[in-house]
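Trainee: Sequence:
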Amino acid sequence: MTFLDNLLSRKGSKPHLYLALYARPKHPDVHHQALIIAPKNLTAPLIEIHKFHVKNTLQIQDNQPLQPWVYEASTISSLANEDRLLVLVCIAKLKGSIEEL
595 MTFLDNLLSR
605 KGSKPHLYLA
615 LYARPKHPDV
625 HHQALIIAPK
635 NLTAPLIEIH
645 KFHVKNTLQI
655 QDNQPLQPWV
665 YEASTISSLA
675 NEDRLLVLVC
685 IAKLKGSIEE
695 L
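Following this note's numbering, the numbering of the sequence shown begins with 595 at its first residue and continues without gaps.
Incorrect hints may have been included.
Dumping the calculated EDC-like pairs for lysine to aspartate or glutamate here, alpha-carbon to alpha-carbon at most 20 Å [said to hold, decoys possible]: (1) 687 <-> 623; (2) 608 <-> 656; (3) 634 <-> 656; (4) 649 <-> 623; (5) 689 <-> 656; (6) 620 <-> 676; (7) 687 <-> 656; (8) 689 <-> 642; (9) 620 <-> 642; (10) 645 <-> 677; (11) 645 <-> 666; (12) 689 <-> 666; (13) 620 <-> 677.
So the derived label-pair ranges between C-beta atoms look like this [said to hold, decoys possible]: (14) 681 <-> 641: 36 to 44 Å; (15) 655 <-> 634: 41 to 49 Å; (16) 684 <-> 660: 17 to 25 Å; (17) 634 <-> 656: 45 to 53 Å; (18) 662 <-> 634: 18 to 26 Å; (19) 635 <-> 657: 50 to 58 Å; (20) 616 <-> 688: 36 to 44 Å; (21) 657 <-> 678: 19 to 27 Å; (22) 616 <-> 659: 41 to 49 Å; (23) 665 <-> 638: 39 to 47 Å.
Treat the hints as calculated values from the structure; they're not laboratory data.
Each residue gets a CB set at the ideal place from its N, CA and C atoms; glycine is no exception.
Please put together the full structure from these sequences, using the hints given.
Mentor: Written out as structure tokens, the structure reads:
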């Protein structure tokens, strides 16, 4: 059973989709964005929070700078561990099974 299937099977515990804005210390006027899937009660014990985002990192190839976009998916044990998190906005309540998402 996947994370989302497990959440969907629990009554009243439908996962929610959140937009997260993170501080960028070197660029204070610009925010990093991520999508987060988590239950409505973000402070409940033993919850899984999934973060999805892309980032571009500077790489050098053949003496040429490249900034490829890299997709990352990770599991967060607690939002309290997200030091640069500024804002978390619920944008949707997810319904149905994982196959329907």
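Trainee: Against each hint, give a clear statement of whether it holds in the structure.
Mentor: Outcome of the hint check:
Only pairs whose Cα atoms come within 20 Å are accepted, and residue 687 paired with residue 623 is rejected, the gap being roughly 30 Å. In summary, the hint linking residue 608 to residue 656 is not supported, as the alpha carbons are separated by about 49 Å, beyond the 20 Å threshold. The suggested pairing of residue 634 with residue 656 is violated, with an alpha-carbon distance near 48 Å, which exceeds 20 Å. For the suggested pair residue 649 and residue 623, the alpha carbons sit about 17 Å apart, so the restraint of at most 20 Å is met.
Only pairs whose Cα atoms come within 20 Å are accepted, and residue 689 paired with residue 656 is rejected, the gap being roughly 48 Å. Distance hint between residue 620 and residue 676 is fulfilled; the C-alpha atoms sit about 17 Å from each other, no more than 20 Å. For the hint linking residue 687 to residue 656, the alpha-carbon distance of about 46 Å lies beyond 20 Å, and the restraint is violated. Taking the CA atoms of residue 689 and residue 642, the gap is near 17 Å; set against the 20 Å cutoff, the hint holds.
At roughly 30 Å between alpha-carbon atoms, residue 620 and residue 642 are farther apart than 20 Å, so this suggested pair is violated. At most 20 Å may separate the alpha-carbon atoms for a hinted pair to count; residue 645 and residue 677 meet this at roughly 14 Å. Of the pairs offered as hints, the one joining residue 645 and residue 666 holds, with about 8 Å between alpha carbons and a cut-off of 20 Å not exceeded. For the hint linking residue 689 to residue 666, the alpha-carbon distance of about 24 Å lies beyond 20 Å, and the restraint is violated.
Of the pairs offered as hints, the one joining residue 620 and residue 677 holds, with about 15 Å between alpha carbons and a cut-off of 20 Å not exceeded. In this structure, residue 681 and residue 641 break the distance hint of 36 to 44 Å, their C-beta atoms being roughly 20 Å apart. Checked against the hint of 41 to 49 Å, the pair residue 655 and residue 634 passes, with Cβ atoms roughly 44 Å apart. With their beta carbons about 36 Å apart, residue 684 and residue 660 fall outside the hinted range of 17 to 25 Å.
In this structure the hint that residue 634 and residue 656 lie 45 to 53 Å apart at CB holds, the actual value being about 49 Å. As the Cβ distance of residue 662 to residue 634 is approximately 35 Å, the hint placing it in 18 to 26 Å is violated. The hint said 50 to 58 Å for the Cβ distance between residue 635 and residue 657, and at roughly 52 Å that hint holds. Against the hinted window of 36 to 44 Å, the Cβ-Cβ separation of residue 616 and residue 688 comes to about 22 Å, which falls outside the hint.
Taking 19 to 27 Å as the suggested C-beta distance range, the pair residue 657 and residue 678 does not conform, at roughly 32 Å. The hinted range of 41 to 49 Å is not satisfied by residue 616 and residue 659, whose Cβ atoms lie roughly 24 Å apart. Range check, residue 665 to residue 638: about 28 Å between beta-carbon atoms, so the 39 to 47 Å window is missed.
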